[in-house]
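J.: Residue numbers (the numbering used here), protein chains in the order written: chain A, 1 to 266; chain B, 1 to 308.
Simulated from the structure, these hints should not be mistaken for lab results.
Please read these numbers as outputs of a predicted model, since none were measured by experiment.
Every residue gets a Cβ at the ideal spot worked out from N, C-alpha and C, and that includes glycine.
It is possible that part of the hints are untrue.
Claimed, not checked - Partner residues aside, some chain A positions facing chain B, computed with beta carbon under 10 Å:
| hint | residue |
| --- | --- |
| 1 | 108 |
| 2 | 122 |
| 3 | 125 |
| 4 | 157 |
| 5 | 159 |
| 6 | 205 |
| 7 | 221 |
| 8 | 231 |
What the hints assert, rightly or not - Some residues of chain B that are not near chain A, with every Cβ distance over 12 Å (derived):
| hint | residue |
| --- | --- |
| 9 | 16 |
| 10 | 27 |
| 11 | 108 |
| 12 | 170 |
| 13 | 172 |
| 14 | 278 |
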Amino acid sequence: MSTVRAASAILGGWALLALAAPWLPLHPEQIALPAILDAPGAAAWLGTDDLGRPVLDRLLVGARTSFWVSGGVVSLSLLFGTLLGSAAGYLGGYWDRALVMLLDIFMAFPGILLAIALAGLLGPGIGNLVIALSLVGWVGFARLARAQVLSVKQREHVQAAQALGSRTPWIIRRHLLPLIAAPLVVEATFAVAAVVIAESGLSFLGLGVQPPEASWGSMIRDGVRYMLVAPHLVLAPGVSLFLVVLSVNLLGDRLRDRLDVKGEKR
Amino acid sequence: MPSYLLARLHSALWVTFGVVSLVFFLIHWVPGDPIEVMLGESGAAADREALRHALGLDQPLWLQWRDFVRHVLEWNLGQSLYYHEPVATLLAQHFAATAELALAAFAVAVLIAVPAGVVAAARRGTAWDAGAMGFSLLGVSIPNFWLGPLLVMAFSLGLGWFPVSGRSAPWSLVLPAITLGTGLAAVLSRMIRSSLLEVMSEDFIRTARAKGLSSYQVWIRHGLRNAWLPVLTVLGMQLGALLGGAVITETVFSWPGVGSLLVEAIQRRDYPLVQGSVLLISLCYIVINLATDLVYARIDPRIRLGRG
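Hey, can you work out the whole structure from these sequences and the hints?
T.: Structure follows, in structure tokens:
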């Protein structure tokens, strides 16, 4: 259980630093030309980057970026995906067929490709990044919610509610969603890891957060040019990113076992 | 078989049509005038109208859509705004590099995942199992745009074994293939382990053991061959992650494939080239998925006979 505790501590720290970032005395955009590419030391604990900006400060701002982007994207995707998926699954007929067709089309874009194209077309910026990733992210939740609703909508208590004349939104909210919540929560956990990677990936490609704002992805991209002289520029954001994603995945695995969700293998 | 084949082909065609349409509408749903974005603020009015006409953007939307679909059918993807060459030609020039990278990464993934998955299942609950599954967790958690630079730091800058980037020598493929293949290897080894564990509790395994087969025969011929089936069903989707990841991996290593072409095209606002690259990668994915399903149906009669 000690790994779980370590993972929780890492995620707790991530959330805390992200939430507290506005009140911390950070100078992520303070350019100091005498201190260019300084190695980690007393003045700057994680060294400085190619403009002499402190890497630690930028790392914390990057933590804030990934925290809010992943929180926003997963909430939006969970909300809209679950609504559309469960409604289509419950209503059946044309609604269901239309949704399945839409899902099939979205899923025909491999991996992160559609997000790359959307982010590229919408233009850079955090807002557009959240939109692009949510437009891609709802699909997984919709698929899962639909499948789950299909498997439980014939249960007796649902039929009883129908016979009593309950309205559809009420039945979905009161009688179906509580039954299908567990797999959706597990899916949402893994989605956090996926979105953290996707945000950094898009920022790495230059399609996400724009300078002088900081993202772990854009920090890695900027650092790659100085790998030989200042490896800390690539190592610091990479290790943070890796630890956060690893912790989320680890807790997701445990959560899946705990809630006994038969893993949809991903 | 024929009816399953037809149904599967039919749905693939519909999805292809949907993908082509979505790629078309993407450009039109994006806020702002594409012409303005492509030419920038400085474009003269006459240039704008000329480009608008050349791209057919002065036509009604549904006519543009119809023409777009028709042109895609002829594999006429328009003219790149930056290179002033047909998009289809550019894609053809870059496709081989992407295919090579994807195949090599797939090979890397299988070479790592099969031994890791089998060992983890065979030595379940031991340090071997924990090690293999720990590797798997690390593999899914490490983003390829970080793994790539790490490998470059260690093996190109440090040891000098491989080139930093580009595609000039056969061994320049090694680092990109490992970078791209690790994620798939991690997922695959986990799937092989769980599927193998499930298969190994079947009756026919007990029979195979009882008739005195060697443990290699039991695990590989009877176990692994049956364990492949459930793995295959999800493999198609995982290959999608591989193709999508190729875009980032190619950018990391300046690998001259469709992925780096796409990223450059996005940065240059070269919309026809963006559309063409996205379309090509998605079509490959659709074909791969179709092929996986058909292979699966061929191996497993329950699917093609509709009694799955």
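J.: Each of the hints needs a verdict: does it hold here or not?
T.: Tested hints:
The beta carbon of residue 108 (chain A) is positioned within 10 Å of a beta carbon in chain B (closest approach about 5 Å), and the interface hint is therefore held. Because the closest C-beta pair between residue 122 (chain A) and chain B is about 6 Å apart, less than 10 Å, the hint holds. Checking residue 125 (chain A) against chain B by beta carbon gives a least distance of about 12 Å; that is not within 10 Å, so the hint is violated. For residue 157 (chain A), the shortest C-beta to C-beta distance to chain B is roughly 30 Å, which exceeds 10 Å, and the interface hint is violated.
Taking 10 Å as the C-beta cut-off, the interface hint given for residue 159 (chain A) is violated, the closest approach to chain B being about 28 Å. Checking residue 205 (chain A) against chain B: minimum C-beta separation of about 6 Å stays under 10 Å; hint holds. A distance limit of 10 Å between C-beta atoms decides the matter here; for residue 221 (chain A) the minimum to chain B is near 8 Å, and the interface restraint holds. Using the Cβ-Cβ criterion of 10 Å, the hint placing residue 231 (chain A) at the interface with chain B is satisfied: the shortest such distance is roughly 6 Å.
Against the 12 Å criterion, residue 16 (chain B) falls within the reach of chain A, whose nearest CB is about 8 Å from its own CB. With a minimum CB-CB distance of about 7 Å to chain A, residue 27 (chain B) fails to clear the 12 Å threshold, and the non-interface call is violated. Under the 12 Å C-beta cut-off, the non-interface status given to residue 108 (chain B) relative to chain A holds; the minimum distance is some 17 Å. For residue 170 (chain B), the requirement that its beta carbon stay farther than 12 Å from each beta carbon of chain A is met, with the minimum near 24 Å.
Look at residue 172 (chain B): its CB is around 17 Å from the nearest CB on chain A, clear of 12 Å, so calling it non-interface holds up. The claim that residue 278 (chain B) is not at the interface with chain A is violated, since a C-beta of that chain comes within 12 Å of its own (minimum 5 Å).
The structure is inconsistent with the numbered hints 3, 4, 5, 9, 10 and 14, although it conforms to all the rest.
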